[in-house]
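Input sequences plus hints: build the corresponding full structure.
Listed below are the residues making up each chain.
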Amino acid sequence: GAVVSQHPSWVICKSGTSVKIECRSLDFQATTMFWYRQFPKQSLMLMATSNEGSKATYEQGVEKDKFLINHASLTLSTLTVTSAHPEDSSFYICSAREGLAYEQYFGPGTRLTVT
Amino acid sequence: QQPVQSPQAVILREGEDAVINCSSSKALYSVHWYRQKHGEAPVFLMILLKGGEQKGHDKISASFNEKKQQSSLYLTASQLSYSGTYFCGTDSGAGSYQLTFGKGTKLSVIP
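If you're matching them up, the sequences are chains A and B in order.
Just so you know, we're using my numbering here: the first sequence kicks off at 1 and counts up by one.
Just so you know, we're using my numbering here: the second sequence kicks off at 1001 and counts up by one.
Read the hints as simulated data drawn from the structure, not as lab findings.
None of the values given here were measured: they were computed from a predicted structure.
Check before you lean on any hint, since a few could be wrong.
[What the hints assert, rightly or not] Using 27 Å as the maximum straight-line C-alpha spacing, the simulated DSS-like pairs for lysine-lysine come out as follows:
#1 B/K1106 - B/K1037
#2 B/K1026 - B/K1106
#3 A/K41 - B/K1037
#4 B/K1037 - B/K1059
#5 A/K66 - B/K1103
#6 A/K41 - B/K1106
[To be verified] Here are some chain B residues the structure puts well away from chain A; computed CB gaps all over 10 Å:
#7 L1012
#8 A1027
#9 G1039
#10 V1043
#11 K1055
#12 K1059
#13 K1067
#14 Q1070
#15 A1077
#16 G1084
#17 G1104
[As the list claims (entries may be wrong)] Rough simulated footprint, nothing fancy, chain B against chain A, three-plus residues with beta-carbon under 8 Å:
#18 73-87
#19 96-106
All C-beta atoms, glycine included, are put in the ideal place defined by N, C-alpha and C.
As structure tokens, this is what we get:
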């Protein structure tokens, strides 16, 4: 149980284009989904928190117009990186939690490379 | 505020034990432990809640001292599969369920 998938696993895009990353909870209803960014050999940095049906809450320093998050259903959240630039290249990971449970389960991550 | 993990890295021979510590300057409601292998997502190990929990599964256990605002992860009789980076994530209990992760402890188990 508690499986979270992400798609795609990796993506290479040109500077200026937009990229959408999907995060799905496969066997539970994700009340809350979190989006993290991780640079090589560094920790997980929380970008935003999204609750189903409401607007995402972004961490300080994260541009909400650049990183668009949609949590339209209890099993799907999407992160769209708009007008991507090389500095947006990173490992993006989502996690999800259910109901009143505290545990967060992570997806396998998406490696974004912007050329 | 980011919790502090120690040590930053440790190398063990198979069968040896290790302790990884996680301390916070803020009061904590829960501490979550994850293991991440290179290029993969973090895998949930366990969560300890306020109340001074201790928990274990197989040869991996953890404790949470809420007074000292710290948690320790104990790995006994280490196996090659234990290699990876261990992260603690802390929750201050503000109701957001958000975790703040430490910088990680890289554990390498060698034959």
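Going through the hints against the structure:
1. B/K1106 - B/K1037: 10 Å, holds
2. B/K1026 - B/K1106: Answer holds: B/K1026 to B/K1106 is near 24 Å, not above 27 Å.
3. A/K41 - B/K1037: 11 Å, holds
4. B/K1037 - B/K1059: It holds: about 18 Å lies between the C-alpha atoms, which stays within 27 Å.
5. A/K66 - B/K1103: With Cα atoms ~26 Å apart, A/K66 and B/K1103 stay inside 27 Å; holds.
6. A/K41 - B/K1106: 10 Å, holds
7. L1012: 20 Å, holds
8. A1027: Correct as stated: the minimum Cβ-Cβ distance to chain A is 16 Å, above 10 Å.
9. G1039: Violated, since 8 Å does not exceed 10 Å.
10. V1043: Its Cβ does come within 10 Å of chain A, the nearest being 7 Å, so this is violated.
11. K1055: For B/K1055, whose nearest Cβ neighbour in chain A is about 12 Å away, the distance exceeds 10 Å, so it holds.
12. K1059: The claim holds: B/K1059 sits with its nearest Cβ about 21 Å from chain A, beyond 10 Å.
13. K1067: 20 Å, holds
14. Q1070: 18 Å, holds
15. A1077: Per Cβ check, B/A1077 is outside 10 Å of chain A; nearest 26 Å; holds.
16. G1084: At roughly 13 Å from the nearest Cβ of chain A, B/G1084 sits farther out than 10 Å, so the non-interface label holds.
17. G1104: 6 Å, violated
18. 73-87: violated (count 0)
19. 96-106: holds (count 6)
Figure legend: structure checked against the earlier numbered hints; hints not met, in rising order: 9, 10, 17, 18.
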